[in-house]
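S.K.: What follows is each chain in one-letter form.
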Amino acid sequence: KQEVTQIPAALSVPEGENLVLNCSFTDSAIYNLQWFRQDPGKGLTSLLLIQSSQREQTSGRLNASLDKSSGRSTLYIAASQPGDSATYLCAVSPSLGAGGTSYGKLTFGQGTILTVHP
Amino acid sequence: DAGVIQSPRHEVTEMGQEVTLRCKPISGHNSLFWYRQTMMRGLELLIYFNNNVPIDDSGMPEDRFSAKMPNASFSTLKIQPSEPRDSAVYFCASSRQERETQYFGPGTRLLVL
Chain A
331 KQEVTQIPAA LSVPEGENLV LNCSFTDSAI YNLQWFRQDP GKGLTSLLLI QSSQREQTSG
391 RLNASLDKSS GRSTLYIAAS QPGDSATYLC AVSPSLGAGG TSYGKLTFGQ GTILTVHP
Chain B
15 DAGVIQSPRH EVTEMGQEVT LRCKPISGHN SLFWYRQTMM RGLELLIYFN NNVPIDDSGM
75 PEDRFSAKMP NASFSTLKIQ PSEPRDSAVY FCASSRQERE TQYFGPGTRL LVL
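Chains as they are written, first to last, in our numbering: chain A, 331 to 448; chain B, 15 to 127.
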């Protein structure tokens with residue numbers, strides 16, 4: 331059974347710092363990995379999706395890397411801003427065969443609560 | 015596009031009552047997902063549909079929970095009878111295809127007294 335772990339559980343940094351959020355998964359047979367953001371009381375917003383064949387994806391100040399063989403992904407946020415404060419979740423989907431026919435099933439980590447203070 | 019629409023946004027009910035949550039996916043999306051989020055268990059997939067057909071319902075807690083997708087633009091998640099432990103935020107999400115980016119609705123916050 332796939333398990334996803336995110337470290338740290340919470341992180342507080344001053345504005346302007348570069349930071350790294352970590353995600354690890356136990357079964358490397360994944361199809362893709364997604365990073366989401368969740369603001370308090372809101373739904374999830376997709377930030378980046380990395381296919382298993384890719385090493386990284388970038389969007390603005392965000393960069394996500396994937397090392398499938400070691401079961402790890404990192405989300406790098408450059409020049410953090412107070413508006414980046416939110417919970418960040420990673421999720422993986424199973425590769426063909428690994429998840430039966432449940433190709434769309436995402437397994438989520440518990441998230442990292444990020445606070446960026448001015 | 016209006017995004018994924020969920021109703022109601024908040025629901026307070028008493029134990030034993032029937033609860034129906036509704037979801038309208040993004041037009042053109044073929045996959046629809048129901049999730050439950052609690053502090054203790056995080057975000058869990060309850061069931062998902064592809065082209066209106068249930069694909070994986072292994073996360074549905076028990077027979078008290080049922081979900082339907084009668085057409086491509088509407089889905090319901092029903093709890094009957096409801097119990098206090100069902101209190102959670104229920105999210106609906108949709109995607110163009112099963113493995114593509116999922117777009118989440120704002121959620122329904124359910125409290126069962």
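A couple of the hints might just be wrong.
Example chain B residues on the side facing chain A (calculated, C-beta under 10 Å, incomplete) [to be verified]:
1. G17
2. Q20
3. I40
4. S41
5. L57
6. E58
7. I69
8. S72
9. E114
10. Q116
11. R123
Over 12 Å on every C-beta distance to chain A, these chain B residues come out as not near it, computed from the model [claimed, not checked]:
12. T34
13. G42
14. R55
15. L59
16. R78
17. F79
18. S80
19. P95
20. E97
21. S109
22. R113
Hints in this document: simulated from the structure, not taken from any laboratory. Just so you know, even glycine gets a beta-carbon here, dropped at the ideal spot from N, CA and C.
S.K.: Hint compliance check: list the failing hint numbers for this structure, sorted ascending.
M.R.: As far as the earlier hints go, 3, 4, 14, 15, 21, 22 are violated by this structure, in ascending order.
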